[in-house]
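K.L.:
What follows is each chain in one-letter form.
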Amino acid sequence: MSALDLTLRGQAAAIVAGEVDPAQLLDQALERIAQRNPEINAVVETFPERSRQMLEEAPRGPLYGVPVVIKDEWPLPWRAQRFGAAEMFSPTGPGESGPYRALRDAGATIVGVGNMHELGASSTGNASVYGPACNPWNPERCPGGSSSGPGAAVAARLVAGAVGADGIGSIRFPAAYCGLTGLKPTFGRAAMDGHHMAGVSSTIVSGPLCADAADCRLLGSALFGASLEAGEARGLRIGVVRDTVSEDVAPAVHDACAEAIEALRAETGGEVREIALADIELAALATVLIANTEGLIGLSPERLAKLDPALSPIARGFAKYRMLLPAAASVKAQRIRTLMRRRLVTAFADVDAIAWPTVPAVAPPLDAPLVELPSGTLTADQANVRGAGLANLTGIPAISVPVGLADGLPIALQLQAAWGDDELLLDAAEALERANGRRWVESLPPLARQTEPTGA
Amino acid sequence: MEASNRADDFIPAGLASLGIEADEIELAVMGAAHSLFWPGILDLLEFDTDGVAPEPRADLSMPPQTT
Numbered sequence: 001m002s003a004l005d006l007t008l009r010g011q012a013a014a015i016v017a018g019e020v021d022p023a024q025l026l027d028q029a030l031e032r033i034a035q036r037n038p039e040i041n042a043v044v045e046t047f048p049e050r051s052r053q054m055l056e057e058a059p060r061g062p063l064y065g066v067p068v069v070i071k072d073e074w075p076l077p078w079r080a081q082r083f084g085a086a087e088m089f090s091p092t093g094p095g096e097s098g099p100y101r102a103l104r105d106a107g108a109t110i111v112g113v114g115n116m117h118e119l120g121a122s123s124t125g126n127a128s129v130y131g132p133a134c135n136p137w138n139p140e141r142c143p144g145g146s147s148s149g150p151g152a153a154v155a156a157r158l159v160a161g162a163v164g165a166d167g168i169g170s171i172r173f174p175a176a177y178c179g180l181t182g183l184k185p186t187f188g189r190a191a192m193d194g195h196h197m198a199g200v201s202s203t204i205v206s207g208p209l210c211a212d213a214a215d216c217r218l219l220g221s222a223l224f225g226a227s228l229e230a231g232e233a234r235g236l237r238i239g240v241v242r243d244t245v246s247e248d249v250a251p252a253v254h255d256a257c258a259e260a261i262e263a264l265r266a267e268t269g270g271e272v273r274e275i276a277l278a279d280i281e282l283a284a285l286a287t288v289l290i291a292n293t294e295g296l297i298g299l300s301p302e303r304l305a306k307l308d309p310a311l312s313p314i315a316r317g318f319a320k321y322r323m324l325l326p327a328a329a330s331v332k333a334q335r336i337r338t339l340m341r342r343r344l345v346t347a348f349a350d351v352d353a354i355a356w357p358t359v360p361a362v363a364p365p366l367d368a369p370l371v372e373l374p375s376g377t378l379t380a381d382q383a384n385v386r387g388a389g390l391a392n393l394t395g396i397p398a399i400s401v402p403v404g405l406a407d408g409l410p411i412a413l414q415l416q417a418a419w420g421d422d423e424l425l426l427d428a429a430e431a432l433e434r435a436n437g438r439r440w441v442e443s444l445p446p447l448a449r450q451t452e453p454t455g456a
Numbered sequence: 001m002e003a004s005n006r007a008d009d010f011i012p013a014g015l016a017s018l019g020i021e022a023d024e025i026e027l028a029v030m031g032a033a034h035s036l037f038w039p040g041i042l043d044l045l046e047f048d049t050d051g052v053a054p055e056p057r058a059d060l061s062m063p064p065q066t067t
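Heads up: the protein sequence lines correspond to chains B and C, in order. Using my numbering, the first residue of the first sequence is number 1, and each one after it goes up by one. Using my numbering, the first residue of the second sequence is number 1, and each one after it goes up by one.
Isolated chain C, as found in the complex (with noise of 0.2 Å):
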């Protein structure tokens, strides 16, 4: 099944299982949004990570410690 990048099949969907209401104005900025990240999202997902090691406990202020 192709993954769909369509907010009127998305977003009704997950704010209905979330009990989230919202009105006309809300909903267009949510597909406008929608179009604007779910594309690079979708991207992300596929990106393959599976060589890179997780990094744990990760200090930001400093370099990786593991490479």
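Next up, chain B with everything else stripped away, as it sits in the complex (with noise of 0.2 Å):
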């Protein structure tokens, strides 16, 4: 077994117990990058001397000597970031990010910058500038947007930990497709300077993907800048909502999403209560409409006369759509904002967690992203941004994990929780690993299976 193999702490340890050479492991990453990314493109650039650089200044810290990668969302000392797209609506430039500021300090190698989405706007990853990623579990099929490469490189074990950027739930998403744990932190708790929206964006946040939850922890610390500690979820309240974010989803996620959260409510000695939150399907509404307007501030009539022509039809012509969108509905979906908070705050009074399915339906294939569900035929978007939404409009922390598998393909449940209460979202997610036994965290998709040539 390689080293690439371990969990991200386990190299961590591995290294910092002398058992691996950290200039080996980078050499194996990038030999892991090229033998298996021509597969799923996961990994859209890599610059073999800026990581032995990164690795040779690297203090001695949590994350010592271990790969990792970025998306092209966040920009670099050494590289501008490109958000997947031919041309971007805001300014851009290389640049110490606050996440590269993260993983340095801890002293992990960054090894290469994760595909996304073209400019962050669908939850599939099947468009950007350098082609779509594939999702390692069946590469005809979407790996999960926007942070697709991420997703799809810590899945394939190219990395065993990626940083992403979630706006409506573009870490989420991919880590429900590719059957990875991912934690979109509490507004404002994760490291997002330098980012093109920092400053503008009240739906955008940095976070972990990895195999599991205790890795999220390792690197979300990093990112965070303090060690979320962990606790016991012991007596955990978890909340279940009757609404089509837990009822309008395929057969096989209902069941399997049920089956998670009897099984996390035994491990924790817990409950499940049924409780009333009303409309949040227009809170996911209020939340595209939020995330789209912010990011008009780049944008003129001037400017939008003359895009790139290599930008997607869909992303140029749903540009010019995002000018026409009313004020009045912004200014509403703001007055929404305020009152789905509120909700929250009386929710979680009576609950710890909020628990419905990730996504509806397992990952769509990259040519036709639909989803079948029991009121009809949906694009996955529509359907994905409906459970999405809520913890980007509202600022509330949650947590993908993976909790099944489905004609080969990952199944995740969503756990939501109050605001700053990261640390007990990682802490059910612990649980809910330890309830069965580890079995979906440790899958493995047929890419992450295949034996290295001699010498990797």
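Any given hint could turn out to be false.
If you want the ones that stay clear, here's a sample from chain B, every Cβ over 10 Å from chain C, calculated [unchecked claim]: (1) Phe-47; (2) Arg-79; (3) Glu-140; (4) Leu-370.
Output of the computed footprint for chain C on chain B, the stretches with three or more beta carbons under 8 Å from beta carbons of chain C [to be verified]: (5) 184-191; (6) 280-290.
Read the hints as simulated data drawn from the structure, not as lab findings. Positions of the beta carbon are idealized from the N, C-alpha and C atoms, including for glycine.
Put the two chains together into one complex; each comes in its own frame, and the hints tell you how they fit.
P.N.:
As structure tokens, then:
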């Protein structure tokens, strides 16, 4: 077994123990990217000399010598982010983004840049200036977006951890589709400096994508700049809602999530409570409106007349459509935000976490991202935003954890908690891993089960 | 007067008012986006928020300070 197949914390511990040489680990990661990446297009750029320099200068921090991937949404000192697109609508350039500094200061080695959906505008990851990333569980399926590359890279075990960004579910979707654990932190808690929307966006956060919760805790601690201490989720009060987010889902997803919720309850000695949380779909639309109007800051009719022809027709058309969104709807969306934040205060007085499926169906085909639900056929984006938007709208943390497989593709449960309870979500995710014997966090896609060529 | 969901009314007028040109494919994309978003936007605009007091200087990292 290669050291690359260890967990993130396992790699860090093996380096500290002198069992693994970090320079060799970096070389192995680069070799594995060269070997496996052509099938999934998860990593869009490597820079071996920069990575080696980073390792040479790395402090002996908690991630010393561990290779990681960072999404194409974060600038690096030697590389401007491209946001998965031929053209961005905000100024961009190389620089020290917050996540870069967090990784550097923790001693990690950035081994490559992860692909992402063009302009961060979809839950699928099936469009990018670099070409789509593919799902390691089935390369003809969507890896999830917009942090498609980070998700696919970790699922294929190119690296054990990656940094994404989540403005409307963009860490949780790839975590769900790729069978990973992905944490969307409380708004403002994780490093955000240097993002082209920092100070403008009220929905985007950085966060970790890893195989399991303990690795998310380690990588998340670096991004938070504070240790995310482990605790025990004893007596967990789990809230469930009877709404489209939990009911209008594929039968296999419904059953796996219901089983996981019951397993979590039993493991923590807790209880499941049905709670009232109305207008979740309206909240999702409000999130979309807010995120898309905040993104208008760089657009003007003159700019739209000169769009790069290499932008996809969807990106060009949608950029123009966004200019037509009524201001009254954006103002109303802000009031919905206030309403939902207050409703969540009431809900979290009764429960510790709210659970529903991260996405209502498994990863759809790359070339036709549609999902079949009890209500009919929907685009994946239309269906996925329903359950993801609330956390971005209100600022609460959320985590996606793998809880099953259907048709060889991962199923995921989302847990959401009150503001600042990120640690509780990690504790709950670990409790769920114990409950199912770590069956799903240790499941590997076919690509990650490949034998290394000699010398790797 | 009833609201219209018809993209062929709304989109050309909106683009013309801003002086934005769009090709046939972009118009098709905008039409699809419109059919997806507009019904929800109309519902949102009708949603009664009169009883929801504003949250001044909301800090999204924290629960709301007023209820």
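K.L.:
Evaluate each hint against the coordinates.
P.N.:
Hint by hint, here is what the structure shows:
1. Against the 10 Å criterion, Phe-47 of chain B stays outside the reach of chain C, whose nearest CB is about 34 Å from its own CB.
2. For Arg-79 of chain B, the condition that its CB be more than 10 Å from all CB atoms of chain C holds, with the nearest at approximately 29 Å.
3. Distance to chain C confirms Glu-140 of chain B as a non-interface residue, since its nearest Cβ pair spans about 23 Å, more than 10 Å.
4. At roughly 13 Å from the closest C-beta of chain C, the C-beta of Leu-370 of chain B stays outside 10 Å, upholding its exclusion from the interface.
5. Three residues within the 8 Å Cβ limit are the bar, and the region 184-191 of chain B against chain C gives 4, so the coverage statement holds.
6. Given as covered by chain C, the region 280-290 of chain B passes the check, having 6 residues with a CB less than 8 Å from a CB of that chain where 3 are the minimum.
In this structure, none of the earlier numbered hints is contradicted; all agree with it.
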